[in-house]
Amino acid sequence: MNSSIACNLVAKSKKELRTTLLEARLHAARDQAGNDALSRRVLDALKRYAPQSVGLYWPLSGEFDIRAAIAVWLAPGTARRASLPVITGRDQPLEFHVWTPDMPMQLGAHRIHEPTSGEVILPDLLFVPCVGFDEDGYRLGYGGGYYDRTLATFRAAGKVPITVGVAYEACRTEALQREAHDIPLDAIITDAAWYPKQAA
Numbered sequence: 001m002n003s004s005i006a007c008n009l010v011a012k013s014k015k016e017l018r019t020t021l022l023e024a025r026l027h028a029a030r031d032q033a034g035n036d037a038l039s040r041r042v043l044d045a046l047k048r049y050a051p052q053s054v055g056l057y058w059p060l061s062g063e064f065d066i067r068a069a070i071a072v073w074l075a076p077g078t079a080r081r082a083s084l085p086v087i088t089g090r091d092q093p094l095e096f097h098v099w100t101p102d103m104p105m106q107l108g109a110h111r112i113h114e115p116t117s118g119e120v121i122l123p124d125l126l127f128v129p130c131v132g133f134d135e136d137g138y139r140l141g142y143g144g145g146y147y148d149r150t151l152a153t154f155r156a157a158g159k160v161p162i163t164v165g166v167a168y169e170a171c172r173t174e175a176l177q178r179e180a181h182d183i184p185l186d187a188i189i190t191d192a193a194w195y196p197k198q199a200a
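Residue numbers (my numbering): 1 to 200.
FYI, nobody ran anything at the bench for these hints, they're computed from the structure.
All clues stand as given, with none of them false.
Listed below are the simulated SDA-like cross-link pairs for lysine to any residue, each with C-alpha atoms no more than 20 Å apart in a straight line:
#  : residue 1 : residue 2
1  : Lys197    : Pro184
2  : Lys15     : Leu176
3  : Lys15     : Ala180
4  : Lys14     : Pro184
5  : Lys47     : Ala187
6  : Lys14     : Gly137
7  : Lys14     : His181
8  : Lys159    : Gln52
9  : Lys14     : Tyr142
10 : Lys15     : Leu60
11 : Lys15     : Asp148
12 : Lys197    : Leu43
13 : Lys159    : Arg80
14 : Lys14     : Asp182
15 : Lys15     : His181
16 : Lys47     : Pro76
17 : Lys197    : Asp44
18 : Lys14     : Ala175
19 : Lys15     : Ser61
20 : Lys159    : Ala50
21 : Lys47     : Ala193
22 : Lys47     : Asp186
23 : Lys159    : Val86
24 : Lys14     : Gln177
25 : Lys47     : Lys197
26 : Lys14     : Arg178
27 : Lys47     : Ala37
28 : Lys15     : His110
Full structure from sequences and hints, please.
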């Protein structure tokens, strides 16, 4: 499947669109060259924004595995810190707990691995996984609203991290249906490009 999945998928409901894009993502995730390119863009984003703390995600099926790139960024001798999301309740924002590559993990909600540090931090930069996205920086997630709630909470507290979506180019679509709670990301990186284009 090529990068022109933008074939009028916007006409579909979010549920149908999500199903189509999840399939496209699984296919794209098998391409090692694309994964290598996306890993380089993750490191480029870290260099560009120069955060001291980063929030990442534990990869689910088909999601780009960002952990190796973050491990490189967490080079010994730096004061950099990384964190992973922890779900504290179905309708609650995410908490980000300190993570290191060698840390023991535990299974949390939805059987997603979570760090065992128990130390909550607010990342300077947040990498956000995307099921799909459009060129204006809007993302389609799994439908649980966790990142929407989290970003809204950060914004209300006046502590908004830089947000960078991580996606495969195959999951780009035309303008997504937007709801009042949708917040565009500062940038989205793929195996082929940066979005919005002005963020490149």
